[in-house]
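Chains as they are written, first to last, in my numbering: chain A, 1 to 284; chain B, 1001 to 1305.
Source of the hints: derived by calculation from the structure; they are not laboratory data. As the structure is a computational prediction, the values presented were derived from the model and not from experiment. Wrong hints could be hidden among the right ones.
Restraint-style ranges between C-beta atoms, simulated for each label pair [what the hints assert, rightly or not]:
| hint | chain 1 | residue 1 | chain 2 | residue 2 | range |
| --- | --- | --- | --- | --- | --- |
| 1 | B | T1297 | A | A26 | 27 to 37 Å |
| 2 | A | G58 | B | D1163 | 46 to 56 Å |
| 3 | B | L1068 | A | V254 | 45 to 55 Å |
| 4 | A | W59 | B | T1171 | 30 to 40 Å |
| 5 | A | R74 | B | W1029 | 38 to 48 Å |
| 6 | A | R74 | B | T1297 | 41 to 51 Å |
| 7 | B | H1032 | A | L262 | 48 to 58 Å |
All residues carry an ideal CB built from backbone N, CA and C; glycine is no exception.
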Amino acid sequence: MTARAASTNGQGGIRASDAGLALWFALAILFLFAPIAVSILYSFNAGVVGKQTAQFTGWTLDWYPAAWNDLALRRSVQTSLYVAFWAALIALAMGTSLGYALVRHPSARVRWWLSGLTYILLIVPEVVIGVSLLLFYAVTGVPLGAATLIAGITPAAIAVTALIVRARALTLDPRLEEAAADLGSTRSKTLWFIILPQLLPAILAGGLMSYAFCFDNLVVAAFLTTPTVNTLPVYLYGSLQYGPAPSVYAAATVVFLFTVTLLGLAALCFHLSRKPGRARPGGD
Amino acid sequence: MSANPPIDATVAHPGGGRANARRAAPARWVDHGFAAVPTLWLALFFLAPLGFTVVYSFGNSLFGAVELGLTLKNYQTALSGFYLTTFLRTVQFAVTASALCLIVAFPVAYFIARKAGRFRTLALVLILVPYFSSFLVRVMSWQILLARGGVIETILNFLHLHDGPLDLLDTKTAVFIGMVYTYLPIAIVPLFVVLDRIPGPLLEASRDLGASRWQTFYAVTLPLARPGIATAVLLTAVPMLGEMVIPRLLGGSRGVLMGQAIQSQYMQSQNYALGSAMAVLVLIAVAILVAALARLTKGFATVPA
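Input sequences plus hints: build the corresponding full structure.
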């Protein structure tokens, strides 16, 4: 058996099954990136009389200035940035609080309920949340606006942030907090000077992830936008019935580069959070 | 707020260690605050709206309004004729697409966890990056890829796998491609996590005892990967049950799924009561799925990992 022989000496030659797996992985990457490559490529497509076409009809740079000069598109980007910023900030605060309570609340029963709540946040389909919020605001008479949209898209982001912070909080060394208490620190001082610095990279990573999620949210936002508060994904979705203009792809390409930069920052924060013992009592 | 240093608690429970003493200490207002603030926020903007939907699903629909009541009429409508067909089709789509997603994802996760070596972090990042580009634009790009005379048609013709024009857009197949595509990254991650945790010596032991590679995979790797499989199915099938964008963009007017049907009850027909009942049906389908997956991982804690 060649497979057996190869496995016993640990570092065998390349086996057919391994090559198959590698090929499968490469195909999956190709599959995942093909639409992104297409969206970037087609932002340079000349198109036919200002409409996007499946055939690539020639190169042009016109769609970038066109996207910039499209006032409705520009305003939707501004709204998205604004909405995602506030939603991410709320998710950051609430998610950190929830993530910490998931690990450190003194009552096991409360921790159990909190983790149940966190998982429910992740398993309710977005369309159900969207219609429920629309109904909720309609019944309570709250007029739709930026605030109602921001509040509505926070729950899933809170769950994501809470799980990231929870993962970090699980690795905290309780002896540091006990040492702080022994040395006369109050609970709030310990939280601020000992726990928060250690959680900070996870908090930032959660916040940036939330920002990316909220910026891209389409389904919940589709139910809660108004003519004056229209986010980029909802604007694009609405414009589809007239056929997508290539300027849409230009705007999407710019936003993608922006998001990837943000993600790079998030990854850096998370990488730093993996290094143990960064925050030491006394060390600033 | 009383200052209660842990040292007192240790004296009170001399038998317990430090960690136990900390846990046994009385709850302080800060801890309750940390639990209460997000809970209240979520109760207001998540649980309360869901509650409204449940209540309204039993109400009588008037023109653009709902009279509260306790009728099962909406469920009767939602479970008959066109709506029943839509519901069953949605469940069938979600189950099939989720299974397809799992089949595509498993070898990828296995490769990253076991074979990628020092490139595993890079491999994981590559899997996750597309998930953060605009979902809508990616689905729109599939329209370009799948269109007549598009890239896929050219490639298939070139490889002689297909001859002539390709009519994939606005079909079931296109919707499946879109769903597998969209949810592939979140299926790979939980599978990677479990496969990564299976200790190497366990697999070596299996082979030393004479199992072939396939036997090892079937008898050792697959059973130990059960929690990851369950998580992957959950994270893909649940959003698929409510998916409304992919079917509209890639499936055309044929084969409406539950997400679109619910949306049109709210946005076009203004029948909030029927829409609520359909939303509750989706939640019930999710609950059944969760219960089934819980059975799949039942007793897993007793399996040595």
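Here is how each hint holds up against the structure:
{"no.": "1", "hint": "B:T1297 <-> A:A26: 27 to 37 Å", "verdict": "31 Å, holds"}
{"no.": "2", "hint": "A:G58 <-> B:D1163: 46 to 56 Å", "verdict": "28 Å, violated"}
{"no.": "3", "hint": "B:L1068 <-> A:V254: 45 to 55 Å", "verdict": "48 Å, holds"}
{"no.": "4", "hint": "A:W59 <-> B:T1171: 30 to 40 Å", "verdict": "32 Å, holds"}
{"no.": "5", "hint": "A:R74 <-> B:W1029: 38 to 48 Å", "verdict": "47 Å, holds"}
{"no.": "6", "hint": "A:R74 <-> B:T1297: 41 to 51 Å", "verdict": "49 Å, holds"}
{"no.": "7", "hint": "B:H1032 <-> A:L262: 48 to 58 Å", "verdict": "34 Å, violated"}
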